[in-house]
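Enquirer: Sequence:
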Amino acid sequence: MSDPVASKSGFLCMYMKNHPDTLVAYVKYFGKVEGNVLTAKMSSIDTKGMTLVYELKSGQSNTIRVSFDPPLSGYEEVKPRLLSMKAEAQEGLGMLKAPQITTFQIPRTTATITGVALFAFLYFLSPPPLGTTFLSIPITTMDTFFSPAHTFRNVTGLGLSFRTACAILGAIHGAETLYTWSLCRQYVKSATVMAAYVGCTMLFGYPMWTDLKRRVQQKRIESVMKVE
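Residue 1 is where the sequence shown starts when you use our numbering, and the numbers rise one by one after that.
Any given hint might turn out to be false.
If you anchor each label on the Cβ, the simulated ranges turn out as follows [unchecked claim]:
#1 P71 with C13: 16 to 26 angstroms
#2 K57 with L169: 48 to 58 angstroms
#3 T133 with G159: 18 to 28 angstroms
#4 E76 with G199: 29 to 39 angstroms
Taking lysine to aspartate or glutamate pairs in the EDC-like style, the calculated list, with each CA pair at most 20 angstroms apart, reads [as the list claims (entries may be wrong)]:
#5 K213 with E88
#6 K48 with E34
#7 K28 with E76
#8 K17 with E55
#9 K57 with E77
#10 K79 with D69
No lab work stands behind these hints, which were simulated from the structure alone. Even glycine gets a Cβ: it sits at the ideal position worked out from N, Cα and C.
Construct all of the structure, not just a fragment, from the sequences and the given hints.
Expert: Listed below in structure tokens is the structure:
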């Protein structure tokens, strides 16, 4: 399958000739090039990254490869990704203020995603032993309901005690909470909003910090578009 971005590389490289300051920012920040970068140009681009050629004040020329993380899924992602990377580079170089998130929001799918993931994790890895009853539910009903989970454990050999499963979930959410806290330190100034994000990440995990990153990216793109 052909690369949808590489097929338009020539056009994109020609377009980016009109934005040399952006290319220089890419070179200095993502390429970690020190020194006085006079000029830079894009020589190629595809879904995995872009190749930049730059020249220093000393006259030395070189080529670097800047990877896209994650890779682009299609041509329509090129512009928003390049704008987001421009803002990130300018922030890192002190040319642009970091975006600020001033409000808290819970993604609409948070409860569903977290609930399904938690149920699947506990159902398959930590089902109750056969012959267990709960809240007057008949033993036969409980055994029938958890039969697929016991089959999964017997076939794969995977299984955890309920306490161990909860400890693992706690550790995962704890790590995600620390990551959310690090994001909040950069992009959230309100103590109330920061506390809300940190607390909800401990409860819901993945959906919270990914939505916070998405909001930061949107703010970055908006700030760049205002400047332009």
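Enquirer: Going back to the hint list, which numbers does this structure go against?
Expert: Violated hints (numbers, rising): 6, 7 and 9; every other hint is consistent with the structure.
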